[in-house]
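Letter by letter, the chains look like this.
Protein chains: 2
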Amino acid sequence: MDISVYMAGVGQQARVAAAAVARSSTAVRNGALLAMADALDAARDALKQANLKDLDNARANGLESAMLDRLELTPTRIDAMIEGLRQVASLPDPIGEITDMSYRPSGIQVGKMRVPLGVIGIIYESRPNVTVEAASLCLKSGNATILRGGSESLNSNQAIAQCIAEGLTKAGLPEDTVQVIKTSDREAVGKLITMPDYVDVIVPRGGKGLIERISRDAKVPVIKHLDGVCHVYIDSHADPEKALNIAVNAKTQRYGTCNTMETLLVDSEIAADILPLLANAFEHKGVELRGCELTRDILPSVAKATEDDWYAEYLGPILAVRVVEGLDEAIAHINTYSSQHTDAIVTENYTRARRFLTEVDSSSVMVNASTRFADGFEYGLGAEIGISTDKLHARGPVGLEGLTSQKYVVFGDGHIRT
Amino acid sequence: MDISVYMAGVGQQARVAAAAVARSSTAVRNGALLAMADALDAARDALKQANLKDLDNARANGLESAMLDRLELTPTRIDAMIEGLRQVASLPDPIGEITDMSYRPSGIQVGKMRVPLGVIGIIYESRPNVTVEAASLCLKSGNATILRGGSESLNSNQAIAQCIAEGLTKAGLPEDTVQVIKTSDREAVGKLITMPDYVDVIVPRGGKGLIERISRDAKVPVIKHLDGVCHVYIDSHADPEKALNIAVNAKTQRYGTCNTMETLLVDSEIAADILPLLANAFEHKGVELRGCELTRDILPSVAKATEDDWYAEYLGPILAVRVVEGLDEAIAHINTYSSQHTDAIVTENYTRARRFLTEVDSSSVMVNASTRFADGFEYGLGAEIGISTDKLHARGPVGLEGLTSQKYVVFGDGHIRT
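Protein chains in written order, with this note's numbering: chain H, 8 to 425; chain V, 8 to 425.
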């Protein structure tokens, strides 16, 4: 297969389908989502068969067990995909919303209408359920999608793609509204991210390496999520109980997520009081601490943190701890080492909370809440295609709105400019 | 001078200044804008001298007279720069605005806070007044700016830069908040658009060639404006008087602007009635028509339009005219040939107006109004840094809001995730 020709064809078909889906009604798009759910439900055996093929290949290729686990389509996971489709169908339609409509002195009326972006390319790794999740969010927001999953889940993804196509056809939408790339050739990714005529935005989902590679090579805008080096700063005016609860929750509720705290900052004024309590709580949870000199003065058994620890996204039961001289040093540390993902202050002091909110330049800034809340569902977006650590277009958790744009609409009555 | 070292220094300084200006109050930023206005007013002689040097060099280099005209800083143009600064100072401050604040079932309160983008790079051609205009909009929106003007206006820009620096210093802001690049070496542009660590977004202002080059080579997001191939479609249910007024205004009110109509589409049902009236009006204004076969059946003296004419941005007194079989063909023509800038329908028919608004995929879509209204000031943005033909981040006229981003703010009372 000539990958270049194949991908250009995929792109052209997506462009044509995008025009049709952009015009489609809310009811038609929701109908397609519900029909996809039904098709998945009816195809459980076929899905299982295709998934077994992938699992056999993966075992033969010596994939590690964590990878195999992610690849597996259990009945519970199929249930979750079906339930996800029904939930997306029940969300409000973002498309066509008109806002900010007002009369101008010239007499024209100007407002903004929310519209689809067009064609969205999604590049992801081993989990086949992402196929359904990404396709459903893009369809709900009136876009065509080109999906490129991991090579190890090719058969599972094609089986899912068939259910998606069935749902689209049943609803009267073009099958090409959602295309799952049929080859595991890496050249297909290279082509997908360099077709600005056919693709409006790329959303990569996967490890930092994948995302960095795609961002570097893309000729199409990328909504990207790099790392999550998140901080909690315990101010001297913090309520100790809230501080303890938040710090423990932010670190230990889940270790592997991007909104998990990786560095804890403590004001020197209360360090001697609160650090022993924190150390005790973290020891109880099996979290290893790595501290600055001042931390180690209070907690001598803690290992010494190096400069690398301040930059580290451990994604595991390790926590860097630093004692700082007040708010200025805390903000300076965060704005130096944070990945601008999510940072929180614990304080009862109004002025310090206000300054932290203004001066910390991260996609989510919190007062007296756990960083673990940085999530599209917790924020009420109804869904999440990813979390953006970029500043342009979308910042923080990206829901349906991040897959849309706004155009200006102007109403006149024969108005001309003078 | 080692350009690479110089530009990295400019970038680092901008990053430091950006943190300071992001923290600064509305009053301080407005104070700086007013102090810049005063400094320009006091420096009229120095500005004139510097500008004369540029004009002499330009004449010696054989620059054409249109270019010389754009380069000249007349007293009226200096007045306009001063007045522009005062107007920007009087606009509402976009920074810090908090919207969409609501309680979530978990008990946290989530909202969005408008924040500066950080460092904005502006690349422009010969007009020195862009230096003041761009710097003022970026400062108002809390950003640091790196400006790179045309080499032919280097002395004028440096003289303006001195006034800007004076205003910043007087208001207590870092001088590096606005930096005007001190070299006309082209390598400086290449460096500016490939420093993602120091520059958050590039706004190029100039011809299509410049913008295409920058978009191709940039490693930083670009807010770009390519061409304006704008359409007016006269539907069979149009009010003929409104149609005539709008078509003439959209084409002839100014020829050289991006929101000028370049192709007129006329429904075949009314073509025989309205085309002769239009031809007469355009002849009166000295506009050359180029028509499709059906147009020429009605207006035999009109030249034949080629495929190239449908793509053409004439920026002059030429108009392509096509007779179409109803709304579907009009929309199909526009979505094929339009640059997705601004397109208008003239009709009294509710359903056709509604379909045109939904199905035309352009940054501004209008009913019964001249395309010439597509402009930041006419839309009430208060200012305009450019018009974006992109879909991501900013679409259509870009005002202060396009130079900002939104971060999430979360308020809790010791809330943790369960």
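By construction, these hints were calculated from the structure, which means they are not laboratory data.
You may find that some hints are simply not true.
Said to hold, decoys possible - The list that follows gives simulated cross-link-like pairs (lysine-lysine, BS3-like), each with its CA atoms no further than 25 Å apart: (1) Lys189(V) to Lys249(V); (2) Lys189(V) to Lys119(H); (3) Lys292(V) to Lys311(V); (4) Lys226(H) to Lys292(V); (5) Lys189(H) to Lys249(H); (6) Lys226(H) to Lys215(V); (7) Lys119(V) to Lys231(H).
Evaluated hints:
For the proposed pair Lys189(V) and Lys249(V), the alpha carbon gap of about 51 Å is over 25 Å, so the pair is violated. About 40 Å separates the Cα atoms of Lys189(V) and Lys119(H), which puts this hinted pair outside 25 Å; it is violated. Restraint check: the Cα-Cα separation between Lys292(V) and Lys311(V) comes to about 20 Å, which is no more than 25 Å; the hinted pair holds. A distance of roughly 43 Å separates the Cα atoms of Lys226(H) and Lys292(V); the hinted pair therefore is violated under the 25 Å criterion.
Our distance criterion of 25 Å between C-alpha atoms is broken by Lys189(H) and Lys249(H), whose separation comes to about 51 Å. Distance hint between Lys226(H) and Lys215(V) is fulfilled; the C-alpha atoms sit about 18 Å from each other, no more than 25 Å. Between Lys119(V) and Lys231(H) the CA atoms are separated by roughly 20 Å; this keeps the pair inside 25 Å, and the hint holds.
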